[in-house]
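Trainee: Take a look at the letters that make up each chain.
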Amino acid sequence: MDHSAIEVRGLSVSYGSTPVLVDVDLTVPIGAGVCITGENGIGKSTLLRCITSLQRPDGGEVEVFGGPPGSTPEFWRAVATTVEPPTWYPGLTAREHAELVCRAHGLGPQDAGIDEALGRFGLTSHADAIPPSLSSGQKQRLTLALTLLRPSRLLILDEPEQRLDPEGRASVAAMLAAYLEDGGTVLIASHDEVFAAAAGTSVVGMADLHTP
Amino acid sequence: MTERTDVAAVRRWVRRTRSAHRERGETLGNFYFAVLFVVIVGGMLHRQLAAVFWPGAPNVSELAAYSLAAALAGGLYLALRRLGPLALSRPAASWLLTAPVSRRRLLLPSLGLAVTAAAAAGALGAFAIVGHVAARPVPAEVFASLPAGGALLGGALMLTALGAQGERRWSSWSDDAAYLLLAAGLAGLVADSALAAPRAPAGWPAAWVVAPAAGALAVVVLAFFLLAVRGLAGTPNDRILEASRTAGTFADSAFGVEPSFVTEMVERRYWARRRLRSLRLPERLPVLVAQDLLMVRRRPRRLLWLAGGAALPSLLAHAPGWVLAVALLAGGMVAAGVTTASVRTDAGNPWMLRMLGLSSRTAILHRLLVPGVLAALWYTAALILLDVLGDLPPGPWWALGVALGPVGAVAAVRKARTGFVDNSLLPLDTPMGSIATGPLLAAFAGVDVLILGLPTIVQLAQGGPLSWTGVIVQAAVAGFGARAYLSGTTAADRVELSAH
Chain A
1 MDHSAIEVRG LSVSYGSTPV LVDVDLTVPI GAGVCITGEN GIGKSTLLRC
51 ITSLQRPDGG EVEVFGGPPG STPEFWRAVA TTVEPPTWYP GLTAREHAEL
101 VCRAHGLGPQ DAGIDEALGR FGLTSHADAI PPSLSSGQKQ RLTLALTLLR
151 PSRLLILDEP EQRLDPEGRA SVAAMLAAYL EDGGTVLIAS HDEVFAAAAG
201 TSVVGMADLH TP
Chain B
213 MTERTDVAAV RRWVRRTRSA HRERGETLGN FYFAVLFVVI VGGMLHRQLA
263 AVFWPGAPNV SELAAYSLAA ALAGGLYLAL RRLGPLALSR PAASWLLTAP
313 VSRRRLLLPS LGLAVTAAAA AGALGAFAIV GHVAARPVPA EVFASLPAGG
363 ALLGGALMLT ALGAQGERRW SSWSDDAAYL LLAAGLAGLV ADSALAAPRA
413 PAGWPAAWVV APAAGALAVV VLAFFLLAVR GLAGTPNDRI LEASRTAGTF
463 ADSAFGVEPS FVTEMVERRY WARRRLRSLR LPERLPVLVA QDLLMVRRRP
513 RRLLWLAGGA ALPSLLAHAP GWVLAVALLA GGMVAAGVTT ASVRTDAGNP
563 WMLRMLGLSS RTAILHRLLV PGVLAALWYT AALILLDVLG DLPPGPWWAL
613 GVALGPVGAV AAVRKARTGF VDNSLLPLDT PMGSIATGPL LAAFAGVDVL
663 ILGLPTIVQL AQGGPLSWTG VIVQAAVAGF GARAYLSGTT AADRVELSAH
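Quick note, the sequences are listed as chains A and B, same order. According to the numbering used here, the first sequence is numbered sequentially starting from 1. According to the numbering used here, the second sequence is numbered sequentially starting from 213.
Hints in this document: simulated from the structure, not taken from any laboratory. Some clues are possibly wrong.
Stated by the list, open to error - Chain B side only, calculated, beta carbon under 10 Å to chain A, not exhaustive:
1. Arg480
2. Arg487
3. Arg510
4. Thr557
5. Met567
6. Ser572
7. Thr574
Quick caveat, the model's predicted, so the values are computed rather than measured. Think of the CB as a built atom: it goes at the ideal place given N, C-alpha and C, for glycine as much as any other residue.
One chain only, chain A, in its complex shape (with noise of 0.2 Å):
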């Protein structure tokens, strides 16, 4: 295959008259790993909600694995994102929220390895628990752990660094640089660059993108 995991050309975002995004290109490799820096609203979020097709560009064009991103099952199939916030289902334990999400992707809980993974985010002794009852620190433990636990082919994060303790950030970075060594591709927004050096992937400043 000879297209990119993510191709982004010319793409312009306003909100209201405040443009956000003007030209913004970037590609991104299959198995590539790219984390983009920059501060605060200048327009890292937006970039990945108008890749992952959740905000509509005023302008350019966005393709994900050579086609333009979508609404369909095979697009989700093959993204996980962390850009939206996320909603539990009522009534449904944080393991069991795992389990649901593993089965959907056709794998049993055990060849998930769901127990080894909440254990891994230190969520052990909250598998019990529902979701909307824990802290943001552990629903942000909890929705990277059901992102990494399904199966995808490109990860998009939005500041997956976000409330986690340094042991649990240096236990992120080293999934996600599994991740990519499994030949996943992962592009994530963050202020933490040696957070980004750790997960493996290549910082790029947000101001580059702009087509000068």
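With chain A's structure known, arrange chain B on it following the hints.
Mentor: Showing chain B alone in chain A's frame:
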């Protein structure tokens, strides 16, 4: 230590400052509007109100009177417990509960309001029972003392609920007792309709029973009230805050015409109180069906209520056939709704659906299965019961119940998919004033699909015997309707439940 401030003075200051921001005559205008509203609605509905509270002649039995009293008492207690019963407004909960003011004086007006409201509800209930049961002419002392007794009972229930508000163990025990009372009352009403129990004799209820009972109740209420005032300051803060949030959510819901606020609050509180243990989702079944089965397993009490509720349509056995049919169809929609909270979640934010990578068509198809079975079981039970009680002409009614399953399921799922009320829709101008279309459409979402049960409505309205052809027609309409709903509102190449 900080000195205590006079709470009455603080409230006076708040009231004065707020009224300074209001236009002159605004309060008077509101009062005028409220009076006008009561007069107009009273004028429009006075016949219906008379039928509910004081029909021309007694129309139910003595057994129904006791059953109604039990059901109303249980229902009133549960309503009071859901509302608090002791609550403060949200601003008062935020600013005055944490201020150095006398808690007893802060909470006394709320206590007075709650006692008055409960007493009014009790009096109205007792008045309606006398109206429906007592032979005419009703003796003056009964006419006066029974509503007074009802008011005292309402007050006693409120003060009991107040005790339960501060004590978690007592609250769960008393809630169970109230549920039992409500269930027993409803069972009594069903038994009354099935057995045609005798009417109350002239002179019921005997004045020598009512007056001493009301007197004893007055003593109990007074004692409870004094105890309540004494222990008022000890009501835990978290309970008052929870009740204030409930009151606030109801106010938001009413002000914004958005019933989903209340639905969401009830759902969230229910699961927050439960202690769950993770279970394995049943294998071999589609994953969303497995999830719905787990939800059914986790709501045994709701299932019990639904099983009991299958007897309620028999209360309408003597009503016009179409009324019975519509109530029956709506009951199945409620039964199917046990598992549709997950559909509501997906309709609000499809994050989980995207994580699961399922198409909206697969998701809704699987989400219809368990509700379909629940609705079919409920319809079958209700129709069998009506048949056994002799309220239906001959025919294979159980089969009609099975055939109706998809109707209840589609209605419940459609209701769950509605999401927020669309208040941006243009209002309809009518000779009676303008009607907001958004809340109207939201209120009828789901109920409109019950039109798929039209063959059953026609069948029950005509009152003829049910043939197998009738069952097959209903099954075909329900099956095709469900299929059309699925193909018309979902897509195999779209994850989100709604197309934007």
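Trainee: State for each hint whether it applies.
Mentor: Evaluation of the provided hints:
For the restraint placing Arg480 of chain B at the interface with chain A, the shortest Cβ-Cβ distance is roughly 7 Å, inside the 10 Å limit, so the hint holds. The restraint placing Arg487 of chain B at the interface with chain A holds, with a minimum CB-CB distance near 8 Å, inside the 10 Å limit. Hint status for Arg510 of chain B relative to chain A: holds, with the closest Cβ pair at about 6 Å, below 10 Å. Because the beta carbon of Thr557 of chain B sits about 5 Å from the nearest beta carbon in chain A, less than 10 Å, this interface hint is met.
With 10 Å as the threshold, the beta carbon of Met567 of chain B comes within range of chain A, its nearest partner Cβ sitting at about 5 Å, so the hint holds. Given hint, Ser572 of chain B at the interface with chain A, holds; its Cβ is 9 Å from that chain's nearest Cβ, closer than 10 Å. The restraint placing Thr574 of chain B at the interface with chain A holds, with a minimum CB-CB distance near 8 Å, inside the 10 Å limit.
Of the numbered hints listed earlier, not one is contradicted by the structure.
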